[in-house]
Amino acid sequence: MTVLQIDHLSKNYGAIKALNNVSFAVPKGTVFGILGPNGSGKTTLLGIVMDILKATEGTFSWDGQTASNEVRKKIGTLLETPNFYHYMSAEDNLKIAASIKGRGMEDIDHVLRLVNLDQRKNSKFSTFSLGMKQRLAIASTLLGDPDVLVFDEPTNGLDPAGIAEIRELIKELNKKGKTIIMASHILDEVEKVCTHVAIIQKGVLKTVGSVKEVMNTDGTSVNAGTTLIEIAANDNEALQNLIGSLHYISDLTMDENGLSFTCPDTIQSTDINQYCFEKGIVLSRLNVKRKSLETRFLEITGTKSEK
Amino acid sequence: MKELLAIEWLKVKKYTAFKVLAICFIIGVIATNYIVYSFNKNVVSNVPAGGLISFSPYSFDSTWQTTSYVTGFILLLPSLLLLMLFTNEYSYKTHRQNIIDGWSRQQFIDVKFMMGFIFALIATVMVALTALLFGLGSGTSFSIKGIEYLGYFFMKAFSYNLIAILISVLIKRTGFATGVFFIYLGAENIISQMLDVLSMKIKSESGTDIGSIGDYLPMNAADGLLGFPNNSLKTMSKSIMPTDYTWIVFALAIAYMFLFYFWAKRKFVQSDL
Chain A
45 MTVLQIDHLS
55 KNYGAIKALN
65 NVSFAVPKGT
75 VFGILGPNGS
85 GKTTLLGIVM
95 DILKATEGTF
105 SWDGQTASNE
115 VRKKIGTLLE
125 TPNFYHYMSA
135 EDNLKIAASI
145 KGRGMEDIDH
155 VLRLVNLDQR
165 KNSKFSTFSL
175 GMKQRLAIAS
185 TLLGDPDVLV
195 FDEPTNGLDP
205 AGIAEIRELI
215 KELNKKGKTI
225 IMASHILDEV
235 EKVCTHVAII
245 QKGVLKTVGS
255 VKEVMNTDGT
265 SVNAGTTLIE
275 IAANDNEALQ
285 NLIGSLHYIS
295 DLTMDENGLS
305 FTCPDTIQST
315 DINQYCFEKG
325 IVLSRLNVKR
335 KSLETRFLEI
345 TGTKSEK
Chain B
555 MKELLAIEWL
565 KVKKYTAFKV
575 LAICFIIGVI
585 ATNYIVYSFN
595 KNVVSNVPAG
605 GLISFSPYSF
615 DSTWQTTSYV
625 TGFILLLPSL
635 LLLMLFTNEY
645 SYKTHRQNII
655 DGWSRQQFID
665 VKFMMGFIFA
675 LIATVMVALT
685 ALLFGLGSGT
695 SFSIKGIEYL
705 GYFFMKAFSY
715 NLIAILISVL
725 IKRTGFATGV
735 FFIYLGAENI
745 ISQMLDVLSM
755 KIKSESGTDI
765 GSIGDYLPMN
775 AADGLLGFPN
785 NSLKTMSKSI
795 MPTDYTWIVF
805 ALAIAYMFLF
815 YFWAKRKFVQ
825 SDL
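Going down the list, the protein sequences come from chains A and B.
Each residue of the first sequence is one higher than the last, beginning at 45 in my numbering.
Each residue of the second sequence is one higher than the last, beginning at 555 in my numbering.
The hints are simulated quantities; they were obtained by calculation from the structure and are not laboratory data.
Do not take every clue at face value.
To be verified - Pulled from the structure, derived: some chain A residues nowhere near chain B, Cβ distances all over 12 Å: (1) Leu48; (2) Gln49; (3) Ser67; (4) Phe68; (5) Asp95; (6) Lys165; (7) Leu202; (8) Ala208; (9) Asn280; (10) Leu296; (11) Asp309; (12) Gln318.
What the hints assert, rightly or not - Derived PhoX-like pairs (lysine-lysine); straight-line CA-CA distance at most 25 Å: (13) B/Lys595 - A/Lys98; (14) A/Lys165 - B/Lys567; (15) B/Lys647 - A/Lys98; (16) A/Lys165 - B/Lys573; (17) B/Lys819 - A/Lys117; (18) B/Lys568 - A/Lys139; (19) A/Lys61 - B/Lys647.
Using N, Cα and C, we set each Cβ at its ideal position, and we do this for glycine too.
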């Protein structure tokens with residue numbers, strides 16, 4: 045089942061191509077991350093599917109239906125910034141959102157409690173801190189318990205505790221079967237909560253798939269994955285000489301904490317440990333690191349872009 | 555539309571400027587008319603030559619026209635409020651959020667037009683009540699003769715509101731839009747008067763009466779239908795003034811209203827928000 049299908053979307057601002065022939069599908073029940081640096085076209089993409097911006101070319105559909113306001117009423121969306129009437133209270137702002145969505149007012153207290161704003165529901169929006177504004181915007185998306193949520197930089201302006209709470213909330217929503225589409229430039233965030241990811245750079249879709257697929261594809265061959273390993277011993281110099289002689293390792297570096305290198309993920313950490321032990325060096329530290337999305341992201345966006 | 559208006563009312567009723575401007579307008583309608591009323595009664599009629607222009611403008615049947623004309627001077631207040639309410643949506647980006655939450659672009663702009671219509675209607679009711687009050691206060695007996703001026707007043711009010719909506723859609727920023735609104739009004743009035751002088755000159759030199767062409771401009775068309783009631787001074791100057799071709803001005807005023815409406819609507823529905 046596909047929640048959102050995007051076909052050949054392009055958006056031009058004069059000569060600038062904010063989006064260039066982007067196509068992908070968001071499967072139902074996923075947390076779908078749209079990842080890209082600032083200005084890569086994430087918000088433009090979401091703006092088009094929410095009918096805020098007009099696509100220059102291409103089409104999209106929600107649940108197989110073409111865009112309409114009835115479709116949008118069933119989606120909770122936070123786009124770019126929290127957009128509320130400054131002179132109105134949190135509660136009154138949510139009343140407007142709920143009325144537009146055609147939902148009852150009974151949800152308002154509940155969603156305000158979810159984001160810890162129930163104590164401040166009568167305060168004017170203009171008195172809110174950035175984090176509170178963001179939380180109110182998230183509360184607004186939850187009105188009417190929609191099956192699809194669209195978050196553009198959801199943790200923007202939140203403190204660490206707030207960020208953790210929102211992440212938990214997103215995971216919880218996903219467990220309940222909701223589909224979440226989330227744009228972010230924070231790789232760590234995407235890595236922690238997303239099941240699927242699309243990487244966009246300068247309006248061009250670089251890669252798309254489940255997080256696992258994206259991590260394991262380097263564009264040319266599948267499963268050419270590598271592992272980052274960190275090791276240390278009493279004599280790191282000797283260790284460096286020993287490890288450096290192995291033909292299958294690469295990117296060997298040494299710092300005060302020890303050595304780090306990458307090797308094919310067919311090599312097990314036990315192989316390394318045994319090899320060193322046999323050569324008379326006892327490892328004081330052995331750490332296997334899955335390659336982070338950040339590394340992948342930089343590989344993808346840093347190597348084959350800007351053409 | 556009822557639901558849309560209910561939501562729009564939620565936005566309006568909490569807005570402080572709404573309360574302030576509404577009170578200013580209500581007081582303003584009565585106060586401006588009272589000033590003209592008492593000036594006419596106490597000053598003009600006491601001047602030796604005052605008899606020429608003194609004709610108690612607030613007695614029936616003139617009261618409808620006089621009140622409509624005089625109230626026209628504070629008609630900027632409701633359109634200014636409308637302009638602020640609309641451009642606020644741009645600065646809060648709530649015009650985006652309303653659409654994201656499920657309004658169509660069409661609905662968003664339609665409800666603004668509807669507000670413009672309602673503001674104009676309320677202003678017209680205010681004028682009707684004030685005209686009645688001063689008419690009865692001046693001791694003449696009730697008559698609906700000249701009540702069509704309330705219709706012209708409504709047209710003028712709605713036309714101002716449509717212009718305010720168009721400027722909001724085109725300019726988007728509150729301060730800038732307010733500035734453009736006032737500058738445009740001022741500039742058009744000056745040009746309109748220059749055009750009237752020109753048409754007077756043409757009339758006196760060649761005898762061709764092309765009408766008060768100043769009234770053919772967008773804002774002045776709706777204005778042109780509402781003059782001060784005829785008095786002896788006005789009658790005396792008639793021979794040198796160009797004729798007011800009411801039907802041309804009326805047709806133009808309607809045409810301009812359609813233009814403002816379709817332009818604003820097209821812009822909002824078709825462009826990026």
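Cross-check of the supplied hints:
1. Leu48: holds, 15 Å
2. Gln49: holds, 19 Å
3. Ser67: holds, 21 Å
4. Phe68: holds, 21 Å
5. Asp95: At roughly 6 Å from the nearest Cβ of chain B, A/Asp95 sits no farther out than 12 Å, so the non-interface label is violated.
6. Lys165: holds, 14 Å
7. Leu202: holds, 19 Å
8. Ala208: Holds: least Cβ distance 26 Å, greater than 12 Å.
9. Asn280: Fine: 55 Å to the nearest Cβ keeps A/Asn280 off the interface.
10. Leu296: A/Leu296 clear of chain B: closest Cβ-Cβ about 51 Å, beyond 12 Å.
11. Asp309: Label holds. Min Cβ-Cβ 43 Å, cutoff 12 Å.
12. Gln318: Answer for A/Gln318: holds, closest chain B Cβ roughly 58 Å.
13. B/Lys595 - A/Lys98: violated, 61 Å
14. A/Lys165 - B/Lys567: Within the cut-off at roughly 18 Å; holds.
15. B/Lys647 - A/Lys98: holds, 17 Å
16. A/Lys165 - B/Lys573: holds, 23 Å
17. B/Lys819 - A/Lys117: holds, 22 Å
18. B/Lys568 - A/Lys139: Given that 25 Å is the threshold and the Cα spacing comes to 13 Å, the pair holds.
19. A/Lys61 - B/Lys647: Distance ~24 Å between A/Lys61 and B/Lys647 Cα, so the pair holds.
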